[in-house]
Amino acid sequence: MENSDHLKGNSDRLLELAVPLFSFGGALVAILFQMLGISLDFHYPATGFVIASCILAYLAWIRPKKDIVALTTPIYSFIFFFLPTDSETGILLQLLYAVSLTILLVRLKYRFGKPGTAVSLGKKLGGSLKTYIEQTHDSFSGISPEAAHSAAVVFVRFSEGNYGEAAQGSGTALCEGETPDPVTPLMRAFSIIREHSTLLNKSLPRPVTYLTFSEKDSPLLARPTVPAHDDDMEFYTALDNALLMVFSAAWNNSERDRPHLLACQAFAQKLFT
Amino acid sequence: MKIGNVDVKVSIVAIAVFVFFTLLLLVASLSSPQVQSQLIWLIPALFMLLVIPIALNYMSRSQYADLLPHYEVEAKTVRIKLINENMVGKPVRIEGVVERVYFQFLNRPQYLVADRSGAISVKMFTSPDEDVKVNDVVEVLGQVIHRYIVTGDPVVNCVSIRKIKKS
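Top line first, the protein sequences correspond to chains A and B. Anchor point for the first sequence: position 51 equals 51 in my numbering, and the numbering is continuous, going up by one each time. Anchor point for the second sequence: position 138 equals 138 in my numbering, and the numbering is continuous, going up by one each time.
Think of the hints as simulated: they come from the structure by calculation, not from any bench. Every residue, glycine too, gets a C-beta built ideally from N, C-alpha and C. Hints may be right or wrong, so weigh each one.
To be verified - Label pairs and their in silico Cβ distance ranges:
#1 B:Val73 / A:Arg256: 45 to 53 Å
#2 B:Ile149 / A:Thr102: 39 to 47 Å
#3 B:Arg116 / A:Gly164: 24 to 32 Å
#4 A:Leu40 / B:Glu130: 58 to 66 Å
#5 B:Ala45 / A:Ser203: 44 to 52 Å
What the hints assert, rightly or not - Chain B is nowhere near these chain A residues, computed Cβ spacing over 10 Å in every case:
#6 Pro20
#7 Ser141
#8 Ser144
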């Protein structure tokens, strides 16, 4: 998988090089023919601008953060070079267009991040989430597939903002908890999610007393607990930890729910911050 | 300017365009008799430059005013961190500090609103009721949408933004 990422990185770099190559190449061909005094239909060098624009648009498309200016460059190349106009498309316009495409490429690289990876596109797990799931794999291995499915449903419903359903799902999971110890970390996570979902569903503020994880749960928590003097942070960190815990339980024990969980990966990654 | 219950606001750009073409028409009609003969349709066309933005603003603001009660009831109060692309289409209420304001002069303001959990773009497709500035603490009601309709990061399509006082 890492090898394919490396290959993809190389092909992206080649595509980035192709943008100035095709655009300035087109302008260069036009200049050469003009210097040699040979009449050349401007549509031939203009093909280079269209190809360069399409590559730039593709590079913008594969980034998680989209650049609408780069995405629309093929339209401009068509307008500038292929729509019939009264004025002739000169060398100056071609050079300016090539410079503009190169500036847009630099802007894309520095302002719109790296091209999308399988992680950012929701095709595989990555980053802190992957590490956390691997670390907690053994701790959640004894969970039944039904409980894991409930965990997946609760996480997905919560990420969708369906807080009523998330609260209901957490309540059901708590009732169906088949463990001899009723206060396992996972059950506590369901309790915390139910509390938060109920509050969110009714748009209620943080209560004075609220559920948190116990000290002995800390090895299973994705985010360290915060000092007790900051109630807001403690309250919300408990929710983040609870959501990540149910995500891990679902991922490790319910393979059929993994595509749904992958679709929520961006939200799960946000919970680490 | 008030039309019915709707407080209509014309953008500075629309006014500037109107002033520019008024001056242009004035100069042209004084210097050319041909332009003078066309004034019968040029003057109404000139006023349309002002009437159309006013009409559009009136229509969008009255639509937003109609939507507001629905959002007041339906929107859930969430922290900015909880807003993600799976929530596209959901009405939300967020509270935060305005960190940046863009395109206010176009009557299509865009705000960067932040709370302790994160920051999000809030786009409004009409002029707001209140003049919201950087560092104002605001309550935003709106719907989660993609930045570019079908793609891009989640942003809030704002129906209402109002200043609130936080203790």
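Point to revise | Structure versus earlier hints, numbers of those that do not hold, lowest first | key: Of the numbered hints given earlier, those the structure breaks are 1 and 2, listed in rising order.
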